[in-house]
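Novice: Please construct the entire structure, taking both the sequences and the accompanying hints into account.
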Amino acid sequence: MHQLRLMIAGLALAACGLLLAHPASVMADDVPPVEAALLFTQSGIAPDGSVEALVRLRHQSGWHTFWQNPGEGEATKIDVKADPEVKVGAVRWPLPERITSEDNKVIGHGYTGEVYLPVLLSAAPGMAVGQSVQVHVNVSWLACKAQDCVEGDTALSAALPVVEKPAATPAAEGANAQIFAEAPVGWQLSAHREGKLAVLEMRAPSPIAEPQFFPLTEMIWHDAAHQYGVNGNALKIAMPLDDFFSGDDSLLQGVVAYRDEAGVQKAVQVSVPLLDAPLEVTPAPIGSSFQFLLLAFLGGLILNLMPCVLPVLSLKALSLAKMGGQGGGLARADGLAYTAGVVLSFVAVGGVLLLARATLGEVGWGFHLQQPLVIFSLALLMVAVGLNLSGLFEMGTSLQSLGGIGAQPNGQMGSFFTGVLAVVVAAPCTAPFMASALGAALVLPAPAALGIFAALGLGLAFPYLLLCFVPITRRMLPKPGAWMETFRQFLAFPMYATAIWLLWVLGGQNGHGGMLIGLSGCLLLAFSLWAWGRGRLVWKLCAGGAVVVIVGLAFMLATIQPMEVEGRRSDPLSSEPYSAARLEALLSEGRPVFAYFTADWCVTCKVNERVAINRAETASFLKLRALWCWWGTGHGKTRLSQKCWKPMAAQGCRCICTSRRVRRWLVQKSSRRF
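With this note's numbering, the residue at position 169 of the sequence shown is 169, and numbering never jumps.
It should be emphasised that the hints constitute simulated quantities derived from the structure, not laboratory data. All C-beta atoms in this analysis are idealised placements derived from N, C-alpha and C, irrespective of residue type, glycine included. Do not take every clue at face value.
Claimed, not checked - Cβ-Cβ distance ranges computed for the label pairs, FRET-style:
(1) A482 <-> R534: 43 to 51 Å
(2) D103 <-> Q227: 16 to 24 Å
(3) F555 <-> L251: 42 to 50 Å
(4) Q489 <-> V163: 52 to 60 Å
(5) L305 <-> K81: 52 to 60 Å
(6) G186 <-> E114: 27 to 35 Å
(7) P273 <-> L305: 38 to 46 Å
As the list claims (entries may be wrong) - In silico PhoX-like pairs for lysine-lysine, Cα to Cα no more than 20 Å straight-line:
(8) K105 <-> K145
(9) K266 <-> K236
(10) K196 <-> K145
Specialist: Here you go:
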């Protein structure tokens, strides 16, 4: 028995010796390898506002923790809880660094030094100034140095005051200095398999250098070398696949870090279908191209019936009616000049759209109507045309003179610019068949896209061209008479109606102040045209002064910030301000989110809201599905509505006609993907 006690004592002393002999890096004195703290980007949170909670990790020299896809390690875990009035988003992970071993082998992805891990907190609208929000955070990590690793965890808490105007904190500077992956707007992406490699091909909007790929899943070997090929803005990355990965391998997901032309470090997050073979881009079949050209032609044809275009066409037809059956050669020349003005103007518009697509990424028809100055200018133009039709002023460059043919030396030139005017006043309008054709034009190569815009212009000019080249159609026009002046004045009212609608859109973008500026500009324009027609110098000076004030109003309008989108009054769904982090959090949870894009100038979207989206039965169905809604407006603002729908950006809102179709689409998508 005595010998047994001696043996136990000896083993205990040996164990103590082993512990004392353990490296001091793990058995630290009083300084842990990682220190965690809870900070905020603002001094408080505003009612119906948001703030980012920052989990700051400070690593001792030589120590590191791990990223969301750690490699040989364990990802840092952050669990944030707050009061019920506050919604908690997902962790935003800054760009990590490659963690290497002593033999320069990549063992994982993580952080050293000081890192801030942000989590978005969004306050409910009803919170009162003066109260406090309790925020509790549980953080756990695995900290490693060389071959030694230590697990750590801590519980952090803080009271965040609700204030009217919170100020930025010093911690915000440190968080903002980090690099976060952005959406690859304007990038072309594809991925395919080559044996045991995953090949990612990317084309950036501008030249890039020093690329690095950080996989978001374990599908890619973290410790195997990646092969990078860079040629200007083209990038090709080949990465070994993990044969033992048993998860979903249909998507290649990761973060691509790079340096731009100025040498600034940036990153984009990619999620690309991983195909079994490279995607072969083949030209569209002739039948398909002809179909888009036909749709564009029909859309331009119907565009003549729009209230902003019909007066221009009608005046051109009246000018032909005055000629009766005479002047066939002049009529044909006039028709060709008008058609040239329309077609070339549409091709120019198409060129601007394609240039914007190449430089800004995704754009579409109507993107110009997101600019308040463009809407203001169009409203002034509609008012000026309407006043001319009403007979307030008659000038050499008036619409009536532009519409004339034959009698004036510059008749064909006037008809050409009338065609240009027809395209300009058609800017706020759209018509059936245009959506599909323009959608194809914005993804097709430039020559085919410009052909579609030319077909659209040819459709717009075709009715007048037909009148000019087929004499029998001119003989069907009513005989000239006093009724023509009455009809011309009547045509002014569609122009006034279009101006009213544009001013309503302007008010939706810039509030009552923007609408007041628009109305004042229209009033001053009417005064200046009236004063100029008085003939005397003093009146012409008054007209010039009014024009100067209009220019000042335009500069004032440019300084007004677009209105923050508030929840739609008739929308039965409660909504919250959109943020990329919030959307990413919902998608990462597997929650379906229906993407709905709208704009005040989009009449089709407004009809969809009335007949399908903004209905109690649709809301109740979506509530039962426990979905989320993400919707965006036409001036760059987006929102998330609670308990609604999933992104269908590829389909937009053009397929929605009835609430029944909405429910059927959602059932199909929900059962298929979730």
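Novice: None of the hints should be skipped; say for each whether it holds.
Specialist: Against the structure, the hints come out as follows:
1. Take A482 and R534: their Cβ atoms lie about 27 Å apart, and the range 43 to 51 Å is violated.
2. Distance hint for D103 and Q227: a CB-CB separation of about 21 Å, consistent with the stated range 16 to 24 Å.
3. The given range of 42 to 50 Å is respected by F555 and L251, whose C-beta atoms sit roughly 48 Å from each other.
4. Checked against the given bound of 52 to 60 Å, the beta carbons of Q489 and V163, roughly 59 Å apart, stay inside it.
5. A hinted range of 52 to 60 Å holds for the C-beta pair L305 and K81, which are about 59 Å apart.
6. Checked against the hint of 27 to 35 Å, the pair G186 and E114 passes, with Cβ atoms roughly 32 Å apart.
7. In this structure the supplied range 38 to 46 Å holds for P273 paired with L305, their Cβ-Cβ distance being about 42 Å.
8. About 14 Å separates the Cα atoms of K105 and K145, which keeps this hinted pair within 20 Å; it holds.
9. Restraint check: the Cα-Cα separation between K266 and K236 comes to about 17 Å, which is no more than 20 Å; the hinted pair holds.
10. With a C-alpha separation of about 32 Å, the suggested pair K196 and K145 falls outside the 20 Å cut-off, and the hint is violated.
When each numbered hint is compared with the structure, violations occur for hints 1, 10.
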